[in-house]
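Asks: Listed below are the residues making up each chain.
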Amino acid sequence: MEKEGSKEIYQNNSVKITVDKEWCKACGICLEFCPQKVLAADEGGKPYPVNLSACTRCGLCELRCPDFAITVEGVEGKKDV
Amino acid sequence: MKRDIEYYLRREAFPHIWCAGCGNGIVLGAILRAIDDLQWDKNEIAMISGIGCSSRITGYVDFCTMNTTHGRALPFATGIKMANPEMKVIVVMGDGDCSAIGGNHFIHAARRNIDLTAIIVNNMIYGMTGGQYSPLTPSGRFGTTAPYGNIDQSFDLVKLATAAGASYVARGTVYHIRPLISLIKKAFNKKGFSVVEIISDCPISYGKMNRMQSAPEMLKWIRDSAVSSKVWENLSEEEKKDKYVIGEFLDVEKPEYTELYAMVVERAQKLEVGK
Ligand SMILES: Cc1ncc(C[n+]2csc(CCOP(=O)(O)OP(=O)(O)O)c2C)c(N)n1
Ligand code: SF4
Ligand code: SF4
Ligand code: SF4
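Chains as they are written, first to last, in my numbering: chain A, 1 to 81; chain B, 1 to 275.
Only chain A is shown next, with the shape it has when bound in the complex:
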């Protein structure tokens, strides 16, 4: 995990998930509805990937996040979903 201001970046060779810890309000929507159970809650209820390799980059967590706090990108050079 890398940090960039309030953002935490998790990355492997096919996907990059960024969580803005300042914008996230720990609502739990992204965790609950991830079809692959990629995300878990930290002690404050905010998401971090526990199973990054299972992520299909479906983008549902990003689309349903009410706070613009989680984004999913394909790693550079690979086609984005």
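Keep in mind that the hints were calculated from the coordinates and are not lab data.
For each residue, glycine too, the CB sits at the ideal point set by N, CA and C.
Reference listing, derived: stretches of chain B covered by chain A, where coverage requires no fewer than 3 residues with Cβ under 8 Å from a Cβ of chain A:
(1) 14–26
(2) 174–186
(3) 208–216
When the alpha-carbon atoms are kept at most 30 Å apart in a straight line, the in silico DSS-like pairs for lysine-lysine are as follows:
(4) A:Lys37 with A:Lys21
(5) A:Lys7 with B:Lys42
(6) A:Lys37 with B:Lys208
(7) B:Lys240 with B:Lys159
(8) B:Lys208 with B:Lys159
(9) A:Lys37 with B:Lys220
(10) B:Lys185 with B:Lys254
(11) A:Lys37 with A:Lys3
(12) A:Lys21 with B:Lys220
(13) B:Lys220 with A:Lys7
(14) B:Lys230 with B:Lys243
(15) B:Lys243 with A:Lys37
(16) B:Lys230 with B:Lys240
(17) A:Lys21 with B:Lys42
(18) B:Lys42 with B:Lys186
(19) A:Lys21 with B:Lys208
A short, non-exhaustive set of chain A residues, derived as facing chain B with CB atoms under 10 Å:
(20) Asp20
(21) Cys24
(22) Cys27
(23) Leu31
(24) Phe33
Put chain B with the ligands on the given structure of chain A with help from the hints.
Replies: The following block gives chain B with the ligands in isolation, referenced to the frame of chain A:
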């Protein structure tokens, strides 16, 4: 996946004021993704809202915006559109804003078929003022002003807008997020009065009164009570209870108000009045 929708946000206003898990933020994201897909220039967009939690939306977007008075977003938007028909005018209202205090404006904007897109965030309650029931609270559900259950019938906005004369009418939900973006996109592209009612979650005012404690719980309820129009047709009245149909219900072509008005101007300028 990641698109630069932050480009449309007033970033300095974030994190926004809405409660954790509030559907207003999901609706905002869907609107911005639709705009991004259409590649609209943000200077050509006017977003107008009334008063309510959902109406705070205009504070967060980098368009021409107006946060007006309760129930009156449509009259303001009508004025803007009449003065500048090239403007893409989006109106965001809560269910109370649109169907209670603003109910007459809603039917008459539809009757005139003026080219506005009306987005109604239907969280089935007055969110901002603490959970009073609205004309869209379903019968039998609870609000702070209906502690023993709501005895009113609720409006069906889809039928109301259709009967009043709109050109495009759809209903989506914050759970069914990709279809929602498509419906909003179609409404934006439509000339004439277009309506997208969005079933949304208010975990604080509606959820707490109706035994749903969290946003994920509310989204599951929204998911489980939404039915596609194909399935809906085959349900009995009993089965339709506590369910709502989602999809597209109307998409017709008819004369649009600002175009008709431009013709009036032309006639008047030729001094053909009364001939
Ligand atoms: C003329 C007037 N009457 C009443 C109010 C008080 N008021 C503010 S918001 C609101 C209702 C909000 O409910 P809704 O429109 O459904 O929006 P939500 O907050 O749920 O998004 C009311 C009654 C007001 N601001 N102005
Ligand atoms: S992109 Fe899809 S699979 Fe990956 S974390 Fe988000 S919801 Fe889960
Ligand atoms: S959906 Fe967004 S705000 Fe809610 S927990 Fe996930 S990242 Fe945080
Ligand atoms: S009261 Fe309800 S509608 Fe208002 S911000 Fe909170 S969750 Fe959203």
